[in-house]
Every structure is written in C-alpha cells, then in structure tokens.
Amino acid sequence: MAQSVVVQVGQCGNQIGRCFWDLALREHAAINKKGIYDDSLKNFFRNVDTRRNGDGVDISKGKIRSLKARAVLIDMEEGVVNEILQGPLKDIFDSKQLITNVSGSGNNWSVGYKVFGSQYRDQIVEKLRQTAEHCDCLQCFFIIHSMGGGTGSGLGTFILNVLEDEFPEVYRFVTSVFPSGEDDVITSPYNSVLAMKELNEHADCVLPIENESLFDIVSRINQMVTSGKPGTTVKPESLITLNEGGIKKKLQEKPFDTMNNIVGNLLLNLTSSARFEGSLNMDLNEITMNLVPFPQLHYLVSSLTPLYTLADVNVPPRRLDQMFSDAFSKDHQLIQADPKHSLYLACALLVRGNVQISDLRRNIERLKSALHFVSWNQEGWKTSLCSVPPVGHSHSLLALANNTCIKPTFIELKKRFTRLYKKKAHLHHYLQVDGMEESCFTEAVSSLSSLIESYNELDVTKGLPIHDPLRLNIVI
Amino acid sequence: MGFSSSCYGRKMRNSMVSWLEIRLWHQEDFSLSPICEPEQVTEPFTAPGKGLVAMSVVTVQLGQCGNQIGYEVFDTICRDLHNSQGFCCKRENEVYQASCKEHFFNEERSGVPVARALLIDMEPKVISQTLLKAARSGRWKYGQHSHFCQKQGSGNNWAYGYSVHGPKHEESIMNLIQKEVEKYDSLRGFSTIMSMAGGTGSGLGAFLTQNLRDAYPNSFIINQIIWPYGTGEVIVQNYNSILTLSHLYRSSDALLVHENDVVHKICAKLMNIKQISFRDVNQVIAHQLGSVFQPTYSSEGSCQYRRNPLGDLMASLVPHPEFKMLGLRNIPQMSENSLSYTTFAWTGLLKHLRQMLISNAKMEEGIDWQVRPPLLGLPALEKVPHNKESHFNTSIANLVILRGKDVHSADLGGFKDPALYTSWLQPSDAFSEWRTHRAFNKYEKSAALVSNSQFLLKPLDTVIGKAWNMFASKAYVHQYTKFGIEEEDFLDSFTVLEQVVASYCNL
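Protein sequence lines, in the order shown, are assigned to chains A and B. The C-terminal residue of the first sequence carries number 476 in my numbering, and the numbering is unbroken. The C-terminal residue of the second sequence carries number 983 in my numbering, and the numbering is unbroken.
The set of hints was computed from the structure by calculation and includes no laboratory data. It cannot be assumed that every hint is accurate.
[Claimed, not checked] Taking lysine-lysine pairs in the BS3-like style, the calculated list, with each CA pair at most 25 Å apart, reads:
1. Lys950/B - Lys368/A
2. Lys114/A - Lys127/A
3. Lys340/A - Lys422/A
4. Lys422/A - Lys197/A
5. Lys918/B - Lys566/B
6. Lys577/B - Lys627/B
7. Lys368/A - Lys934/B
8. Lys90/A - Lys114/A
9. Lys63/A - Lys577/B
10. Lys644/B - Lys609/B
11. Lys61/A - Lys627/B
12. Lys61/A - Lys609/B
13. Lys33/A - Lys741/B
14. Lys127/A - Lys655/B
15. Lys627/B - Lys63/A
16. Lys368/A - Lys577/B
17. Lys958/B - Lys368/A
18. Lys838/B - Lys950/B
19. Lys950/B - Lys34/A
20. Lys368/A - Lys741/B
21. Lys918/B - Lys934/B
22. Lys33/A - Lys96/A
23. Lys34/A - Lys609/B
24. Lys462/A - Lys950/B
25. Lys330/A - Lys414/A
26. Lys197/A - Lys627/B
27. Lys655/B - Lys627/B
28. Lys566/B - Lys609/B
29. Lys414/A - Lys368/A
Since we're looking at a predicted model, the values are computed, not measured.
Whole structure, please, built from the sequences with the hints as guidance.
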C-alpha cells in the first residue's frame, strides 16, 4: 500500500493539520479494535518502537507501539506548532519533523517565498527526505495552507516547487484556503494571486476552500443542534465539525476548530478508498487521472454530506438519496460556488459505507439531467465505493467537481488584486524583498487571466447543441 | 440472405477455411508444448478407469474486477461441484465431479482443492481480500504462491498499466506463469479475466496477453472482458476500452464479453434484487461462465467428458481472425426462491433463446418477437444501419450448451436455420451443440448460448463514438502521452476497431 505525507505550512495550514490528525486517529481507533498496525494505518502513520535510540525503528507489522504521523510541520511563527506539540497530539509528532522561526512572514508572500524559501531550502529538503525515506512507496504529498497570508502562501508555494524538483514522481495535492471578501489582511489579494501562479504551474490538483462556506455550514449545523425540534437529536460523534478533543472538552474548542474539522474530514474521505477496502476502489492517482482533463484545469470544488446524522436508527432509502442531492446543492460546497448552474468537466463521487452500485447508479440517473456536462464528457462520472463509513455515520459522500463554477472565485480575486495594484498600494513591502520585481506581479496576474480565459472558453460551449465529430471512414 | 456468391463472401470463406484448419490442427496435436520448454513433450496421462486427463487451462485474474470475478467463478464452480441435486444418477454425478475437479483445481496434500489460477494486481487490497475469502470457504483455496502484487495501482491509466507496470514486472509475472504451467502435463491455454475500464486489468492485461502469445504461441488465449457500465465507473473508460480491445484483437484468439449494464438488469428484473451490489453482478457473471465451462460430454452419445471445452469452443466459434467478439446469454435466470417452484420445458426455453439470438435481446424479458430472419431466396435486404434497434442479428457461429433433465429430447432445429447465419459458412459448420445430463447450479434445465454474431456491434460502436468524441477535444490525452502512449497509438486503435465494426456490420 502506498503512503502519503502531509506538509502543513503556516498558521492556517497547521491548525487544519492538527484537526486532520486528530480525526485520523479517531477514525482508526474506531475501526482498528485489535490494535494491529495494518495497511490502512500505514498510509498516514509510522509504527515506531520509541524505546530504541534515535529515530525509533519502524515496525511494519504486528501490534501498534507508537504511531508517528507522516507529516512535516512548518511555520515561521512558533505559536501554533508549539500548541500542537504540547497538546493531546504531542506523541505523534517529534521535533525532527518541524521547521519554525519566530519572526513570521508579516502577511507578505515574498518574505515567505523569497526570504524564508532560500533560507530554509536545505532544511526543508532534508526533512522531506527523511520523511520520504520512512515510506516504502510514497505516493502523494498533501500540502495544507492558506493563500492570503505570508507563510502558508509564500513558503507553502515555495515548498510546492521544491517537491516538484526533488520528488517529481510523487503527486502534489494542495488544500488551499482562499481569503474571503472581508478578509482583514489587506494584502491578501497580492499574496493569493502570487500563490495562484505557483499552484497553476506546480500542483497536480488543488482543492480550494473558502472560510465563508465553512462558516455557513457550521452555522447551519449549530442551528440544527440547538433547534430542539422533535426528531432532531443529532448523534454527537457524527458532527463533521467535532474532533476527539472537541467531544471531550467542547467548551475549550478553538474558534476555528469547527471549521477546520470539516477540511480534516475532506482529507479523510478523499483517502478512504485508498486506505480501506471496498467493491470499487479509488486510489489517489485515479483522482488526477479522471478529474484533470487538461493540465492547467486542476481545481476541484468539493462538497461533503451528510453534515451530521440524526440519532434515530432507521435510515430510509430516501435519506440516502437525499445525501446525493445535497452533494450538488450550493449549500454543501466548500467554496462559494454553484456547480449545478455551471458546466461540469468531470465529477467524482466517493461513497463510504453501506451503499451499493445500484444506489449509486440510481442517483446518478436521477441527478444528471439537471446538470450540464461538457460536450466531450457527457458521462463524466468517476465513482468509488468504500465499505468503511466515517465515524458516527452509516454512509457518506464526498463529491469532487471540476466545474466552471470556480471561475467567479478567480475573477473576484483578480478584481481585488487589480484594485490594489492600480494604486500600487503596499507594493513597496514586496519590491524591497530581494528577488522581487514588478514582473512577478504582472506574470502572476497574467497566469490567473489565462486560467480564467480557459474557463470562459468552456462556458461558451454550455447549452450549445452537440455535434459529434465525424468518425473515421473505413473501406472494406 | 441465401448463399451469396459475392466476392466478399468467397474471400471470407477461403481465408476462413485455412484459419480453421490451423486451429483444428493445434487442438488435436497432443504433443505440442509451450515454446519455452521444448524438452517437456509428454504423452497425455491416462488415469486408470478415468479416461484421459483434462487439458489444462490457466486462469489469470487481473486487477480489482478480474480478481473479484475470478473468486466468484471458482466459488460457483465449487458449489455446483458439491451440489447433490444433479438431476442425474449418482455415478454420473461422480464422474462430473471428478472431471470438474480435474479442469479447475489441483489436488493438494491437505485435501483442499487449489484453484488453477493466478492473481495479479498492482495494489494489494483486493488480492488480500480474495485470498482470504477463498480460504475461509473451507472448500477451496488459491495457491500459496499464486499471486503477484505491487504497492501502487495503475491509476485507471491504460498507458501506465501497459508501458510502466508491464515492462517493469514482465519477468516476475512471466516467471509466475511459467511455474504454474510447469505443474501440468499439457497446457492448452489461458483464460484472462479483466475489465476494460481501469488501468491494470486493461493496460497490464493487454501487455500480458501479448507476452503470453509470444511465449506460448501454440496455446490458445481467451480474454473474459468486462464491459463497463455506460454511465461512468471511470471517466476515461472509453479510452482504456479502445486501447485494450485493439491490442487484444491482435494477440488474442477470442474475446468473451460480459456487459455490466446487462447483468445489472438481470439482477434487477429477473432476480429481483433490490439493492444490487457488485457481488450480485459478479455472481451472475460467474453463473453464466460456469454454465459454459463446467464439464460437458465430448460428443453425442458419448459418456466421456470433453477434455478441452475452451479450445473446442474457440474452434467452433472463431472461424476467422477478423471476428473474435463473443457474447454470452444464459437462461433461465432467477432468484433461488423462485427456482424451487418453477418448472421449465425445453421447447419454451429454446424458443426464447432463439428469439434472444435473432433479436439481440440481452435477457429473457422484453424480447422483441417482431424480429424475423430474412426469407431465403429473396434478394438480399439493403443493409440496415447498425444502430437501428429492430435489426436482425446475423450470426457467424453459435454454440448452445444444454444441461439438465431430458436434455436429449430438446429440439435445436431452430438454431440450424441457414437464414440465421452469414453466407460463407454452412449451418453444419456454424452451429454446435453440447448436451449434458447433469444439471448446473440447481437449475433443473439450463441453456447457454455463446454467439459470434452482431451482439456486440452496438456496444462497440457506442464506445468508439464516445472515445472519438473525447479524443477530438484532446481531453485527458496528456495523461497517456506522459507514459508513452501517443496520439498515433490512439489513431491506430480507432482504425483497428472501426475495421472490426465495419466487418461485423457487413455480415
């Protein structure tokens, strides 16, 4: 079985990362009753005998001794990483997996990329190599970061470059938190657009996330939980906004934790079919193969359902079908987008739990007439069935859409960038960094424009009558 | 249609006759052995009182689909083998059981029969599951060293399966196969089980088939191909399918196709399964395959079981290398509950089966009884476009396999009607029948039809159309060129398959 390494960069990246590891442990604890280190654990965790000196010897089979996360934690401030190392997860990380500084990147992409990038390059490569050496078959790097700040955005995308140079055969999946309209970081448009160019050129696959969407989802769940309406008691362990720490110490939950847990669940569900068995497996390399029809169009809009499970025992088939419908509603998307009214290039449905191929097919049949697919991919569905459901649920669905509905997000970003750049506002903070010139900005916005243009070209074809191209003529 | 003396018909007949002679010669020459072991020429082993030993066929299970289905096939065969409800005398049942064991299993000291199969996949989860399930059954198992797997799959990428995994693991896999082959006195051929939609079964499967052809030129190769659901299991399934089919067509002897959509409908409409799982689908496919390959008598009135059913099937059904696409129909099909209180008559079953053949019905329900074969002596009908639903299904060759009670009373005259067939084969050459008393899988009477006809014309045409449509926009092509499959290779595949479509269309 192949392994994955998580690279969490910056404050946001590490907060999300912490939630992810917490959820991963909870998931495995619920499934792995015998405490045996099996293949599914191997994906994200090493099994180490820490009594020995040094790094701890990797134990590939048998009982679980000490689990170590396959992760590298990077931040140019110490606060978040230190919290992680002192919190309930401290045992799954060790100091050799961290790179920290004290000064921070000042919400400046160029400080993160150019200054800290060159300063820490060798250390970064060394830590990555060490982590990779513990894997017998490294398949994928998961990078988690935000786009609006300085470290996650700048150093995060620098690391993306490093990964491509040093590990060209390993997939790079990036989970990027995009800034919202009312972001309090004024320079977030600069940081985001500069980072976008790197994502365009060096990521295999990007899962954009917007805080607004996460916030809306959290609000809706809270409404549900506190409504007190009869028949609406929610199973606490089923909330996708709670983690292990959260269940036990709800009051001490960090403000962003509820939102971050949603992203943690996204990553768990994304990898479930690769880790656990099922009747139709989907490995991570199948995601890029099926969802990226052209190299630059690798941005996937994700949605997770259900958000919670009601406590009543019966799950009538209508509820299962509701799960599929919800996956396409704009309320469940993790960015502010409406895929239903835009054009699909491809769509993947990753189903977990007691769902069979007939349920899947019935729902695809039911829903596809309301969706618009590009002419050359009218049946563009990729599906997987994983037998193991997430904790607290009997089934769940993660939908990944390569859809032109993401275009408004990019257009909005470009607008905000242009508003600042026209006035040259705060530009000197960037240009005074060694290696930064105005051309960096113009190239970045040009890269974004060409991406938007690609989506425009596809959107134009939406709704047009389809003419099948002439087939080859064979003479007998 | 009549016996046309057209130029095309004559050409077909001439090239077909020489093909037929070559294949028959291979079937009968017992001293042939795989090319890599010239020393091991052996006489066929004769077990006292048992008759001649079966010719060996090695089943190669490829990828998730191949391994999941392969398991169900051996499990179904094993269940049928132990079924006491054979609707025949005890002695006959015993001979059937012995023959079945000889064909599909090796004896081991532990007494638990070992399936004559190899399990190949590029990632470990499915093989682990499959080995475990078989072992748990207690009635049979896979060989301890009969599998090969890696850590990372082919990512639904045909190019990766064919150009990366194939060459990389060629030596190990061929060694594994050679070791298995060495266990048998005489190897007859290989049967691979694979899906077309993914990356391993399809890409690695195509590569392996080529290798088998090169390494064992005198053995036959049949590919059991799983045709994916029309509406996506995999987005690039149409690319993977055309690449697979075009490559297999060059190296394989026959392609026996199982369509997921069809089997799914059988589960829904005939077996009344509410929540259909892949397991249900796979079990139906296993039942259909079992009904074909379980022991059958070698000829009319014989008491000996056929030694080489797979070889005989191919000799009967593939008279010409341009026509290798075989379809399979099996009736009746119903839930086990209904089975116990339903009775069948051969006349009814065969009437339905014949109409299914000529109207290209996929299952026993919703048969179009309006379709009739063209009348002899009248001028040949204008060729109807192949996408018209009510088009009459022309056959090249058919094989009907009957099992169960009163099997010798069944009248197969309807299948010998020359109007069903193309002009360039006499019905006596085009139609074969195998009858066996011993019933299969608790069905008092069952009839299977393996047909080389226009059955697969429409599905093939559809897949080519969709793949072509996607190729015209170049979508996903970069994923293939990354691993050495260029646009040229796609075009070659399209050309080969359009040729196949045209050939079948012109029957």
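Here is what the structure says about each hint:
1. Lys950/B - Lys368/A: holds (24 Å)
2. Lys114/A - Lys127/A: This hinted pair holds, its Cα atoms lying about 19 Å apart.
3. Lys340/A - Lys422/A: With a Cα-Cα distance of about 35 Å, the restraint between Lys340/A and Lys422/A is violated, given a limit of 25 Å.
4. Lys422/A - Lys197/A: This hinted pair holds, its Cα atoms lying about 19 Å apart.
5. Lys918/B - Lys566/B: At roughly 16 Å apart (the allowed maximum being 25 Å), Lys566/B and Lys918/B satisfy the hint.
6. Lys577/B - Lys627/B: Distance of about 34 Å is beyond 25 Å: violated.
7. Lys368/A - Lys934/B: holds (23 Å)
8. Lys90/A - Lys114/A: violated (31 Å)
9. Lys63/A - Lys577/B: It is violated: about 40 Å lies between the C-alpha atoms, which goes past 25 Å.
10. Lys644/B - Lys609/B: violated (29 Å)
11. Lys61/A - Lys627/B: Given that 25 Å is the threshold and the Cα spacing comes to 16 Å, the pair holds.
12. Lys61/A - Lys609/B: holds (21 Å)
13. Lys33/A - Lys741/B: violated (39 Å)
14. Lys127/A - Lys655/B: Violated - the C-alpha atoms of Lys655/B and Lys127/A are around 44 Å apart, more than 25 Å.
15. Lys627/B - Lys63/A: holds (21 Å)
16. Lys368/A - Lys577/B: violated (48 Å)
17. Lys958/B - Lys368/A: Status violated; Cα separation ~31 Å.
18. Lys838/B - Lys950/B: Between Lys838/B and Lys950/B the Cα gap is close to 34 Å, so the pair fails against 25 Å, i.e. violated.
19. Lys950/B - Lys34/A: Violated, because 49 Å separates the two Cα atoms, which is more than 25 Å.
20. Lys368/A - Lys741/B: holds (20 Å)
21. Lys918/B - Lys934/B: violated (33 Å)
22. Lys33/A - Lys96/A: Violated, at about 30 Å.
23. Lys34/A - Lys609/B: holds (20 Å)
24. Lys462/A - Lys950/B: holds (18 Å)
25. Lys330/A - Lys414/A: holds (23 Å)
26. Lys197/A - Lys627/B: violated (33 Å)
27. Lys655/B - Lys627/B: holds (23 Å)
28. Lys566/B - Lys609/B: violated (30 Å)
29. Lys414/A - Lys368/A: This hinted pair is violated, its Cα atoms lying about 32 Å apart.
In summary, the numbered hints that this structure violates are 3, 6, 8, 9, 10, 13, 14, 16, 17, 18, 19, 21, 22, 26, 28 and 29.
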